[in-house]
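Could you build all of it, start to finish, from the sequences and the hints given here?
Chain by chain, the residues run as shown.
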Amino acid sequence: MKRPWHLRNGRGQNWACVLLLFALLPCGRIAAQNATVSFQELAEQAAAARDVDDAPRAIELYTQALQINPKWEDGWWSLGLLRYGSGSYASATEAFSNLLKMSPQSAPALALRGLCEFEMGEYSQSLADIRNGLASGAAGDARQEQILRYHEAILLTRLGNFSEALKTYSAFAEHKLSSPDLLVGIGLAGLRIPLLPKDASADQQPLLTAVGDAAFRFMAGEQEAAQQAFQDLFQRYPTARNAHFLYGDLLLAFGPEAAVPQFKKELEVAPDNSNALAMLAWTLLMEDQAEEALPYAKRIAEEEPKRVGSQLILGRALLDTGDAAGGLEHLEQGLKLQPDNLEIHLALAKAYSKSGRDDDARRERSLCLQLRKNGATGLARP
Amino acid sequence: MLPGLRVLNRVFAICALLLLASTVFAEQKQDATAVCAQCHASQALTQPHTGMGRTLQLPGTDPTLNSHPRLTYQKFGYTYVVETKNGESTYSVTDGTRTITLPILWTFGSGAQTWVFEREGIYYEGLVSYYPSVDGLGITIGDTEITPRTLDEAVGRRLPPSEPVACFGCHSTNAVKEGQLLTLGSLEPGVKCEHCHVQSITHMAYAVQGQAMETAPPDLRKLTSEDLSNFCGQCHRSWETVIRGPWKGELNVRFAPYRLAYSKCFSGTDPRISCIACHDPHRNLVTETAAYDPKCLACHALKGAQAPTNTQATAKACPVQNNDCVSCHMPEVKLVNGLTTFRDHLIRIAKSGTPYPD
Chain F
1 MKRPWHLRNG
11 RGQNWACVLL
21 LFALLPCGRI
31 AAQNATVSFQ
41 ELAEQAAAAR
51 DVDDAPRAIE
61 LYTQALQINP
71 KWEDGWWSLG
81 LLRYGSGSYA
91 SATEAFSNLL
101 KMSPQSAPAL
111 ALRGLCEFEM
121 GEYSQSLADI
131 RNGLASGAAG
141 DARQEQILRY
151 HEAILLTRLG
161 NFSEALKTYS
171 AFAEHKLSSP
181 DLLVGIGLAG
191 LRIPLLPKDA
201 SADQQPLLTA
211 VGDAAFRFMA
221 GEQEAAQQAF
231 QDLFQRYPTA
241 RNAHFLYGDL
251 LLAFGPEAAV
261 PQFKKELEVA
271 PDNSNALAML
281 AWTLLMEDQA
291 EEALPYAKRI
301 AEEEPKRVGS
311 QLILGRALLD
321 TGDAAGGLEH
331 LEQGLKLQPD
341 NLEIHLALAK
351 AYSKSGRDDD
361 ARRERSLCLQ
371 LRKNGATGLA
381 RP
Chain Y
1 MLPGLRVLNR
11 VFAICALLLL
21 ASTVFAEQKQ
31 DATAVCAQCH
41 ASQALTQPHT
51 GMGRTLQLPG
61 TDPTLNSHPR
71 LTYQKFGYTY
81 VVETKNGEST
91 YSVTDGTRTI
101 TLPILWTFGS
111 GAQTWVFERE
121 GIYYEGLVSY
131 YPSVDGLGIT
141 IGDTEITPRT
151 LDEAVGRRLP
161 PSEPVACFGC
171 HSTNAVKEGQ
181 LLTLGSLEPG
191 VKCEHCHVQS
201 ITHMAYAVQG
211 QAMETAPPDL
221 RKLTSEDLSN
231 FCGQCHRSWE
241 TVIRGPWKGE
251 LNVRFAPYRL
261 AYSKCFSGTD
271 PRISCIACHD
281 PHRNLVTETA
291 AYDPKCLACH
301 ALKGAQAPTN
311 TQATAKACPV
321 QNNDCVSCHM
331 PEVKLVNGLT
341 TFRDHLIRIA
351 KSGTPYPD
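For the protein sequence lines, the chains are F and Y, in the order given.
Per our numbering, the first sequence starts with residue 1, numbered consecutively.
Per our numbering, the second sequence starts with residue 1, numbered consecutively.
Just so you know, these hints were derived from the structure itself, not from any lab.
Mixed in with the good hints there might be a few duds.
Here are the simulated EDC-like cross-link-like pairs (lysine to aspartate or glutamate), alpha carbons at most 16 Å apart as the crow flies [as the list claims (entries may be wrong)]: (1) Y/K334 - Y/E250; (2) F/K298 - F/D323; (3) Y/K264 - F/D360; (4) Y/K264 - F/D359; (5) F/K306 - F/E332; (6) Y/K295 - Y/D324; (7) Y/K177 - Y/E188; (8) F/K298 - F/E329; (9) F/K373 - Y/E250; (10) F/K264 - F/E292; (11) Y/K75 - Y/D95; (12) F/K373 - F/D340; (13) Y/K177 - F/E257; (14) Y/K248 - Y/E145; (15) Y/K222 - Y/D280; (16) F/K176 - F/E145; (17) F/K373 - Y/D358; (18) F/K101 - F/E73; (19) Y/K75 - Y/E153; (20) Y/K264 - F/D358; (21) Y/K177 - F/E287.
Example chain Y residues on the side facing chain F (calculated, C-beta under 8 Å, incomplete) [what the hints assert, rightly or not]: (22) P161; (23) V165; (24) G268; (25) T269; (26) D358.
As the structure is a prediction and not an experimental result, all values here were calculated from the model.
Think of the CB as a built atom: it goes at the ideal place given N, C-alpha and C, for glycine as much as any other residue.
Given below as structure tokens:
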């Protein structure tokens, strides 16, 4: 049996086209309604109005029909779409929410509610809905996926999750899908500026575009072009905060040693960049260069003692330079700050094992397995 | 001679020796292992013939390919052909209308074998590998969930940038510079002495001057079990590597350091449970399970013994038997492709019918 189209998780329908269609709809007069018509008649009239692009009348008719039958899922879907298309984001959100009460896994409804929330500035909720929609299969075709992924990336940036944003952008780069807005978006994520592309000032645009272009090339696998683009960027903007950090972060894909010089340069440009300091120390640790990491680790722990990453890095640096007791002290502090941090448990397992505390080491390893089972991942970036 | 001049002289001498060493061993490609054998014969003469010593093979040197001039396999509507003629091998995939043929330049593995290819600067792992268990081709371990949609995808899995470095870094020597750049021009196939014993080239140069002891690479036998587990785990995958990585389920039975570290009897400070307590990396892997009994009995008391013959062997005795411990407590696990079997290093009381403990 054919399912209602809002429940078909992205297959067969193309709501991206529908959105475009509604953007072009003419505004029409709302006709007077006959109060005595049946639900069935109203539903048919609403669909007919929708099909001839008479959005205002269709909205009115769907609203009336839904007052008679509020369990009509297709009605809420159509009403939500019409309201979204006419820019009534709050009422569109309400329509999609009514639908989602009845069909919580309706991927297109989740995605569209997320896009409404984006327009209303409810960014956290928007990101959650868009991601849930994607996870439920809202990306039915390439165009829909691009719209949702782009919004996901700019929202992640706006909310300060820059690494995740860059990961999302990398899918565009792999498929060589670029645009000026996309480059600005990548630039914002790369320079760790929590803004939407539309909110970046005109003064910022050339720098953001240059950063976005260099990172895009890197993520597209054009290594030589990316290297050149980054060198040009560093020449044109030698004091741009986070530019070297971004390059180092990208170079981590090739191994820690490539990244270390960039983190060091970032600290020359911005000595107070605690992210660069943490990454430098962590990268050195992952490269078994604990002796070199130790001074940076001490510095980051001094500057940001309440950051779990600081305790992790210093604990690990002490452990790997032979001070298991000192290392344990900081790792246990880190554990208090974040009890479910997988890296802390990995480091504790090692520390206990090296100290001959076999039962404690085994307990920590059990916790690692449990955390991994629950979806925790190790840190490439503390 | 003035002390300052003596120091300067010494520096020049060392530089000259280092230069000589690098020239001899890198440019002339003389086998450094032969030089190591002059002092470390018992290790250096046997190690090149081990699985690790032969874990990467170059064209014309692979006995498997030489003895199998034509291997074929069909899957997903594609036909794979691995052909060897006059010491040169190719890997072809066809969908019946179009064929992609690539030269086999690097054969990874000495038993089961996988091929890595370079196409336009990007590395790929062949979707099909050779398995001794069937004396033929099958889907590469770890790639069983891939269903290629195009002929190009049917060639193999595109490797992310860090993976070729890891592949060549573990399967060969001198193929990676500064931990990140592939330097395949200087690649030496397989694990050579300097792969594990860092600075051994410098050590050789100094040894000529009679200063072997001062420049000896770190003695790996002195590492704790925990540190050795992490050292060997750089290639065989340590506890941390696997926990951080994507591998889950039976596929991770391949990673012995990871499995061993979670064994109840593993102790980071007890040398009786370290990797080298059971395995000599300079010799071929011993596959007779009974050969490992003394290793278990170094810790575990003998069943039925009135008093332990070994005062260190204080761990509980096995109530079943005193021999062939490995067969029960380290069961073999067959991977999902059914073509490869690994000995599980998670030492435990394994009960039949229980799921694989991840």
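Which constraints among the numbered hints does this structure fail? Numbers only, ascending. none
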